[in-house]
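Asker: Here's the letter readout for the chains.
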Amino acid sequence: MTATLIFYLLGAVALVTTALAIIQRNPVYAVIYLVKSIFALALIFYLLGAPLVAALQVIVYAGAIMVLFLFVIMMLEITPVSARKSSAPGWLSWTPVVLVALVLAVMTLLLIGLDPVAEQGIPRWHATPRDFGYALFNEYALAVKIISFQLSFAAVGAFHIGLTERRRARMEKDS
Amino acid sequence: MADTLFTVVLILAKLALIFGVVLFMAAYLVLAERKILGRMQLRYGPNRVGPFGLMQPLADVIKLLTKEDFLPARADKWLFLVAPGITAVTALLVFAVVPFGPTIEVFGRTIPAAVVDLNVGVLYFLGVSSMAVYGVVLGGWASCSKYSLLGSVRGLSQMVSYELSLGLSLVPVIMMARSFSLHDIVMAQASVPFLLLNPVACFVFLICILAESNRIPFDLPEAENELVGGFHTEYSGMRFGLFFVGEYINLVVLGSLMTVFFLGGWHGPWLPPVVWFLIKVLMVCGLFIWIRACLPRLRYDQLMNLGWKVLLPVSLLNILVTGAVLLGLGL
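Top to bottom, those sequences are chains D and E. So the first sequence is numbered by the numbering used here: it starts at 1 and just counts up by one. So the second sequence is numbered by the numbering used here: it starts at 1 and just counts up by one.
So that you can see chain E by itself, here it is in the shape it has in the complex:
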């Protein structure tokens, strides 16, 4: 009985910790993005609220919470209200399997530093992240607006094209680690990160998660200057905020997955493991922001061509080559 209670308390504690840290990071990533983008475009970025504008996320939350929650007249009420939640929740759910440190000993029990260490962790990530598109699609459809619907259809076709390469780019990782568990995958990179062993898979994965997070150069579902706001055109107040925060939670989550799959997770010299993990995640997020500052948006046919004619064959070939090399080395 005490054992069960301990497990439950432990899981709740880990959930609270991850929830807090991820939401905090998401809020400050928004600020960091605005600051960095500002500097790259020779502007200051937000610097009015608090010292160096550090209280800006708080001000944004208060603004969003106090705004009117608007419901379009012909909207499908129920789906319209639920859709932003789907986006934010699926992004948070993925974090349940991400290991952010080595197993630790507490009261004589070994505890993985993730909410759960599933033996199908990689597939859990793929499954939950493929659910995220439902938030975008149902939100856009339920708004009953042409811009929103166009954004949704774009989001759908983008997801269909990139989900496949995303899954296939992870197959070499699973082959090299010989496990679906994220903890085992990090342990397999104790000496050399998979980024160096299989740079092609890493590159394909990076492009696919860029598409997955609906950011420039793949932000066609939103595309401010042609579709107003894409799927979230009709949203206001905190519901828009949920879509917005969901995108940044997704950024943190995808950054941590990049770290786990290719950058060696928490492994690194001198510093404590959790710090290394955090540094790597922030580096990936920084790369995302940098890319946003540098690249224009892809045209729609370019996006489809890239997905189906380049990424898919490359990731399939990469699986073949990785398999051949592993066989040849007798691993």
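So that you can see chain D by itself, here it is in the shape it has in the complex:
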């Protein structure tokens, strides 16, 4: 009962902070709200019995990716968008919001109404880091390998783009 209550509380926090992150005019505030939303998500993972995923969520997203976002925002010195008048007619600015909200509401209702698992409440099991490791490197070993390949391709690509012209010319002359 308490767990269900906390779950809905965290869910509400995640939704509200994400919405606030979208509508903030100041990018630094947007990042802060996103970090809060990530924290709420991590706690939800913890509640669902996955402490390792919760910890990784905080380390990777809040601790690394959001820090990088903040770094870029500060380096580029993006000034807050002050009440900029858009040239689009009034109805065009709010119709997408209403549509998305409608879709979200319908989907939530359908999920609550049709999903038989929803009635059981939060499952009471607990995945230790060991369980997580076994699942990741036995059952999903192929997926892990494919993703690691992709990451190394991306690293090589980033290296190529990052090469300055002079160094690239020198490397081509050498080869």
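Accuracy of the hints is not assured; some may be wrong.
[What the hints assert, rightly or not] Below 20 Å or equal to it, Euclidean Cα-Cα: the simulated SDA-like pairs (lysine to any residue) are:
1. D/K145 / E/V82
2. E/K309 / D/V156
3. E/K77 / D/H160
4. D/K36 / E/G85
5. E/K146 / D/I73
6. E/K309 / D/R167
7. D/K36 / E/L126
8. E/K309 / D/N26
9. E/K146 / D/N26
10. D/K145 / E/L316
11. E/K63 / E/K77
12. E/K14 / E/A2
13. E/K146 / D/V28
14. D/K36 / E/A2
15. D/K173 / D/H160
16. E/K146 / D/H160
17. E/K309 / D/K173
18. E/K14 / E/K309
19. E/K146 / D/R167
20. E/K67 / E/K309
21. D/K36 / E/K67
22. D/K36 / E/V89
23. D/K173 / D/A155
24. E/K146 / D/M75
25. E/K309 / D/T164
26. E/K77 / D/T4
27. E/K77 / D/N26
[Said to hold, decoys possible] A short, non-exhaustive set of chain E residues, derived as facing chain D with CB atoms under 7 Å:
28. A59
29. V120
30. L123
31. L156
These are computed hints drawn from the structure, not numbers from a lab. Quick reminder that beta carbons are idealized off the backbone N, C-alpha and C, glycines included.
Keeping the supplied structure of chain D fixed, place chain E upon it in accordance with the hints.
Answerer: Chain E in isolation, oriented as in the chain D frame:
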């Protein structure tokens, strides 16, 4: 019901104990640092307040509390006020998982000598400590001053470069202890501390926590002689005090983590476990102060080069070698 109540009381008692001890240690580390630095530079250090200057921390607190809490005109008020708290709180939060002694028996229950013994303790430390940078960054940004902003950007890029090696230098420790729990990691060092088994990881970890604590030779976010005070240029009174104390709490916390990961935690002959733990923590803190007295500040590009071109490959190689050795020994 009585059981739950007992657990709650126990946790509160441990929290109060740790809070008190860590704050006390942080306050007196400031004094110890000033004294030791003074002696190393052929000065006396503070010796006016109380016998041998022992009341100096109290005088400092009174001074900071009674000073004006200044808010720059164009500062982002809310973030400016919150930022010092983030630094101090994240430093204190890490201590929740640090085990400072073996499990004890109270009223027939075994109790770990840490606030909680998480099975993802190492990751908890990495997660919370990666939050600490937000205090530095948001404080500097909210001040709306060029020096502060420069300090923040430096703090950010320093953190991005060193966080990775910090995490990777702990992987061999986890591999050798076969657990993420700090208690298990200390238990795995009952005979030989990991400092002797894997000195490379220990060295990388030491450099990374030096960078993490924003101290010389990695104090670029503050850099008094080029950025005035870096990210805390605009702060005054107790808010500056929170940044300051946060740094020293961080010192105690990182010292205890060094002890837990590499120096064998509370294990040691003759003396009681908690005393051994305290001695080791103070030795690491002493080393930090000594380093501050000896080394100059690194230049910015040197710092980045060291992080990305030396520490990262070394810690990655170290993981490979440790894994190979563990496999070879059939452990």
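Asker: With reference to the structure, classify each hint as holding or not holding.
Answerer: So, going through the hints one by one against the coordinates:
{"no.": "1", "hint": "D/K145 / E/V82", "verdict": "43 Å, violated"}
{"no.": "2", "hint": "E/K309 / D/V156", "verdict": "16 Å, holds"}
{"no.": "3", "hint": "E/K77 / D/H160", "verdict": "43 Å, violated"}
{"no.": "4", "hint": "D/K36 / E/G85", "verdict": "16 Å, holds"}
{"no.": "5", "hint": "E/K146 / D/I73", "verdict": "15 Å, holds"}
{"no.": "6", "hint": "E/K309 / D/R167", "verdict": "18 Å, holds"}
{"no.": "7", "hint": "D/K36 / E/L126", "verdict": "18 Å, holds"}
{"no.": "8", "hint": "E/K309 / D/N26", "verdict": "35 Å, violated"}
{"no.": "9", "hint": "E/K146 / D/N26", "verdict": "18 Å, holds"}
{"no.": "10", "hint": "D/K145 / E/L316", "verdict": "18 Å, holds"}
{"no.": "11", "hint": "E/K63 / E/K77", "verdict": "24 Å, violated"}
{"no.": "12", "hint": "E/K14 / E/A2", "verdict": "18 Å, holds"}
{"no.": "13", "hint": "E/K146 / D/V28", "verdict": "17 Å, holds"}
{"no.": "14", "hint": "D/K36 / E/A2", "verdict": "35 Å, violated"}
{"no.": "15", "hint": "D/K173 / D/H160", "verdict": "16 Å, holds"}
{"no.": "16", "hint": "E/K146 / D/H160", "verdict": "34 Å, violated"}
{"no.": "17", "hint": "E/K309 / D/K173", "verdict": "25 Å, violated"}
{"no.": "18", "hint": "E/K14 / E/K309", "verdict": "42 Å, violated"}
{"no.": "19", "hint": "E/K146 / D/R167", "verdict": "34 Å, violated"}
{"no.": "20", "hint": "E/K67 / E/K309", "verdict": "45 Å, violated"}
{"no.": "21", "hint": "D/K36 / E/K67", "verdict": "33 Å, violated"}
{"no.": "22", "hint": "D/K36 / E/V89", "verdict": "16 Å, holds"}
{"no.": "23", "hint": "D/K173 / D/A155", "verdict": "23 Å, violated"}
{"no.": "24", "hint": "E/K146 / D/M75", "verdict": "12 Å, holds"}
{"no.": "25", "hint": "E/K309 / D/T164", "verdict": "18 Å, holds"}
{"no.": "26", "hint": "E/K77 / D/T4", "verdict": "36 Å, violated"}
{"no.": "27", "hint": "E/K77 / D/N26", "verdict": "14 Å, holds"}
{"no.": "28", "hint": "A59", "verdict": "36 Å, violated"}
{"no.": "29", "hint": "V120", "verdict": "5 Å, holds"}
{"no.": "30", "hint": "L123", "verdict": "4 Å, holds"}
{"no.": "31", "hint": "L156", "verdict": "5 Å, holds"}
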